[in-house]
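Throw the hints in and build the complete structure from the sequences for me.
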Amino acid sequence: MPGTFRTGWKAFSISSNVKRTDVLDEVLPNFLYGQWYHNAIALFVTAAGSFILAKMNASIGTVILFCFFIGHYFRTSMRRFRRYARDDIQREVIKFKMEAGVESVEWLNSFMQRFWLIFEPVLSALVVENLDNYISDLLPPFLDSVRLSTFTLGTKPFRIESVKTYPNTDPEIVCMDWKVSFIPNDLNDLSLKELDRKVNPKITMNVRFGKGRIGAGFPVLIEDMSFHGHLRVKIKFMSKFPFAKLVDMSFLEKPQFDYVLKPLGTDSFGFDVNLIPGLQSFIKDQLHAILGPLMYAPNVFTLDVEKILSGDFDFSSANGVLAVTVYSATAFENVDDLLDDDLPNTYIRFYLDHGQELDRTSVYERSFSPQWNETKFLMLNSLNSLLSVELKASRPGLKDRRLGTANFDLSKLDNDMDTDQKGLTLTLLRNGKFVSDLCVDLRYLPISKPTKRADGTMEAALESNSGVARIVIHECTNLISKDRISPYVRVIMNGNEKKRTHVVKRSNSPRYDVPCEVVILDKTNVFVRIEVMDEDQVLGSIGGQFVDLIRLQQNNDGWWDITNGEQTVGQIHLSAEWKPMVTTGLSDILDGHEFNKPAIGVIRFTIWEARDLRNVELVTNGKSDPYVRILSGFQVRNRTEVVDNNLNPEWGETLYVPVHSLKENLVLEAMDWNARTRDKSLGMTEFKVSEVIQQQIGDQSVDPDVWYESNGRKIDRLHSADRRSFKGELHYSAEFIPVIQLPQKTESLPLCTLRGSYVRYTPDDLIDLDSYSSGVLKIKIHEVQLSSTAYCYCHVIVDALMPQYKTAKLRGDILRFNENADAFIKEIDFSRIAIEIKPAYVDEKEIYKLGHWIDTGSSIVRRIMKRKRAGYKEDEGTWFNLMGTDGPGRIKLGFDFVPLDDFVLNPDESLDNQGVLSVDLLSARDLMAVDKTGTSDPYVVFTVNGERLYKSDVIKKALNPKWSRARFTVPIQSRVTASIRIEVFDWNHVKGHRPIGSGGFTLRGDAVESFKARLVDVPLDGVEGVSGSVQIRLTWHPQLLINKKTQTSVLGTTRTYAHDDVNLEASGPLLRDAESSRISSDSQRESYGRPSLESDSRFSLDDSVSIAPSSFIDEDQVSDTTGRDGTVMITILEARGLRGVDKNGTSDPFVRVRHGRSDIYKTRYISKTLAPEWNENFSFKVTSEPFALDFKVKDHNRLRSSVDLGQYRCNIWDLIKPGRGQNECKQWLPLYPTGSGELYVHIQFTE
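Per my numbering, the sequence shown starts with residue 43, numbered consecutively.
No lab work stands behind these hints: they were computed from the structure. Hints may be right or wrong, so weigh each one.
The calculated lysine to any residue pairs, modelled on SDA-like cross-linking and capped at a C-alpha distance of 25 Å, are [claimed, not checked]: (1) 1204 to 888; (2) 276 to 201; (3) 1223 to 1279; (4) 221 to 337; (5) 565 to 476; (6) 730 to 465; (7) 491 to 408; (8) 434 to 721; (9) 276 to 207; (10) 851 to 869; (11) 1268 to 1230; (12) 221 to 110; (13) 240 to 207; (14) 993 to 1279; (15) 639 to 850; (16) 730 to 507; (17) 887 to 1207.
Structure representation (structure tokens):
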């Protein structure tokens, strides 16, 4: 403020108290002081004037006029004299009163009288909402809870009886003593109108004594309250807004309270318990004990007005960082009145002393038992605070609701032995009632500071790459702009905005002085970008590594050139500071999430059945399509198949989930599958892995061995959902299977694991991972490099069609994920591992992806062994080329494999148990003759699991018939339980077909061998006089079968277990220009020996990967039957039994007919039906060569890609045989996968 201004508090400063003087005041001595010369001059002028008038013989009128003038001057002088004298006297009197007395502030009381009617309802509502949790920690042991139900302070406000001001203070300090009273029952100063509208103060509480069932609650009424206190208020001002910096308040003496306390009382009845001797003094002593340390003199309660109004906390005095790891919360209770009918989306927020929010977790969606598994780093100024942890429900578009609050006294960490609080359970309360238990870990990481040695020298702070980075934005100068600008500054670290300054209006040289502090775990990997903005326009920026910012600021005194492209547009003044923190135990904190800890074993779940599930499709006259998924935190670790339209589904599926600690909790959630919308929850149950795991500790005195074993329990549980929005029961079983764990300190190689089983070694003393068939595979996704910028994520798929791990979403062409995933490997020899890179806006149901990587389990294990022999670290990673990308792409992955200890896989759980069976009907021998000619007209029908799947051609008049090209394929979910029957019939046009024998065969054991053909002779029986046998050839192709309601992944193809479609290791840098992209793509094709699975389409819509038929029908399997040159006309008549994928349970089907990669015809789509009729025809030219046709039925969508409903692929010469005179065919074609319906076509051939 310029020195010429004398406004506000500055007018009373020392520099402004200057006396107004003139020349005579300075010349005349003090005894002549008194402005006597004014009157002397007046007398002299009067005498001189009278003499002059007399000499001039002036008239009487002139004399009177002169006298009038002199009298007016005298009157004015006296008036001014009295006013000056009165002001001086009054000033001295006020000064005396201020030093020795008090003054009233009735104007302020009058203002409060009117403002109170507006402010009191808001204050009362705030007290009702927050006071319960504040006083919960201060209750005596005999009280269970105190709940505030009614709170009002009435219509009469408090009064400031008097104010005493101390003038002899510093210029920027105002010190006052206030006598404050609150006497609402004093009616003397109220008008009649105010008396009519008066509301008395009233507080009603529900107090509960005792604990649990033996407790009892009763209402307590508090009324006739009064208060009187002597309060000292000291205000410190400053020269910028909000001008008041600090307000210190303290009671100079104990305040006086009075009230009427009526337990079990009402407005008109009750007994004041204060009349009981000793009770009133006891309650007052409790109040004084609470308020004394807070604000009884000499203790001062300081209110930082600047921080509160600006919302900016200065962490320059921060002495440490609190690492809070939030694991999970138990099932919520007593919150039904706060939640909508849907499942809550919850998060945890942190704040100190009920102040500004420090941080919050992510939102865990749709769960009553959320699991966050997140670590947050909170900067602390001191440990003399209360950490408040608040559970809130997120409601987009509405105000979030507080469900419960827990408090933790940080002073418990103010001890070198207690800085680590692991396995802490915080009880979340709402209105004194239990809501949930929150499982957290707390670790205090102090800032490393220089210390003074005993000899007086200073010991430098410990160096660390983890700590607090402080950047202060001071000012900008000489910003170049054509228009008038209002700039502000953004601080961005690793792509995330950390701070934004205020806007300085119409200035090219703004000043900010705004600090920004951020917790950094590794300062060497932090890129800082400072942007100067004007509205949404970037005026200029600077950028670089944080370590370089610290190093170079000493050379330029913190001044940096702001550039926009190649042009310098101004300068910015920054200061950067690094405050390292003591990182003892930091690695343990970081390993507490993201699957960084090594797995201790797997939980084997068997999901048997569910009963009486909630029907969420009742509106569409359908039933829920349930499946069960297993979650660890927010990651879906495994899931069952979908059962259509069933509220009592049966699965009998076995699922394996890796676990990493005893504290890990898994959630089993029943879900309703939806084709185009988010799946809905039908109910959930929480499973604590500690129920089936027992921790063992060795007998070493130092660093004992720790390992985990099954406690022998196999949980078999029928869980009933206990939530109001859930119903039904889930029947499942669970058991623990540990991984091998070796002793840590041994002089030689341990022969046995800690559980006693023998360890298998290679000749060069490495654990022979190849000899173990099952274990946990750990995958570290280091980095992905793409040819163009993308916003995407990765998910990991292992021996399944659904992902078991999903990374965070990143943007760029170089994506550094640095995340760990793991999954259970059933059989190394058959396992397949895939990683798909998918856009951020699609989920696992979408088939669109940017690229993928595939490899076999055995290949990965061999690579791990090779790297161990070469001495590489397990997490250094290897670059692999990506497949299915637009242009070159590659991914860097690291692996480790930990076998299970003494584990044998059940045969029905083997990956070899599921796949596709190819059957070739070859011949029959010595069949029974049933015709009069002594022969038969045999044909064969194959039945799989009770469903007739194939019927052969009729061979006329033969007892030893032979068939050519009689082949079919069938998906087998479990070859251990598959039932396959052969029935032989004699064709008879008049009397009907007659059975002449039947037989069956099994696929168990060594009845079939993967990828190898085996001849089987099936003897016939079942008919009197039967004889002979049927010869068939079986080929078993183990693979994952795509269910019509599961994701289509790159593992669901005919090449699932082939070894020629894996990604090759990449070498050299990634080439990004168009020419290099073409060269890279060509070289990939040459390297692989075949085109990429998705070389022509990023959408994976080619037949090899898009829908279920591709999982067991491929172009290579279409027969090589030939025909004749001519024209074929196909009429697509109708379809039946299609599956519904829309919300209403129907589809909008159409048919696409393709030859190779060329579309031949596409019908119109028919809305909302599962039995459409098209009656559309088309024709095309054919040659005598084999001609493969692909009929695909799809569901039409306007805004999104079409959904595949089913497919049939065949050689057209297998349907029509012009050489035999069969130029026409009219039949139902089965769509695959089985159960997808049938397509009715009419095919005609003309030459």
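Quick rundown of the hints versus the structure:
Proximity of residue 1204 to residue 888 is assessed by CA-CA distance (about 23 Å); at most 25 Å being required, the pair is judged to hold. In summary, the hint linking residue 276 to residue 201 is supported, as the alpha carbons are separated by about 19 Å, within the 25 Å threshold. The suggested pairing of residue 1223 with residue 1279 is violated, with an alpha-carbon distance near 29 Å, which exceeds 25 Å. Taking the CA atoms of residue 221 and residue 337, the gap is about 15 Å. The hint holds against a cut of 25 Å.
The hinted pair formed by residue 565 and residue 476 fails the criterion: a straight-line CA distance of about 42 Å is larger than 25 Å. Proximity of residue 730 to residue 465 is assessed by CA-CA distance (about 14 Å); at most 25 Å being required, the pair is judged to hold. Distance hint between residue 491 and residue 408 is unfulfilled; the C-alpha atoms sit about 45 Å from each other, more than 25 Å. For the hint linking residue 434 to residue 721, the alpha-carbon distance of about 24 Å falls within 25 Å, and the restraint holds.
Note on residue 276 and residue 207: the hinted pairing holds, with a Cα-Cα distance of about 10 Å set against a maximum of 25 Å. Proposed proximity of residue 851 and residue 869 is contradicted: the alpha carbons are some 31 Å apart, above 25 Å. Pair hint residue 1268 plus residue 1230 holds up; C-alpha atoms about 18 Å apart against a cutoff of 25 Å. At roughly 56 Å between alpha-carbon atoms, residue 221 and residue 110 are farther apart than 25 Å, so this suggested pair is violated.
A distance of roughly 33 Å separates the Cα atoms of residue 240 and residue 207; the hinted pair therefore is violated under the 25 Å criterion. Proposed proximity of residue 993 and residue 1279 is supported: the alpha carbons are some 18 Å apart, at most 25 Å. Between residue 639 and residue 850, the direct Cα distance comes to roughly 18 Å. Compliance with the 25 Å bound is thereby established for this hinted pair. Among the hinted pairs, residue 730 with residue 507 is inconsistent with the structure: their alpha-carbon atoms are about 37 Å apart, more than 25 Å.
A threshold of 25 Å between alpha carbons decides the hint, and for residue 887 with residue 1207 the separation of about 23 Å falls inside it, so the pair holds.
Of the hints listed earlier, those the structure fails to meet are numbers 3, 5, 7, 10, 12, 13, 16, in rising order.
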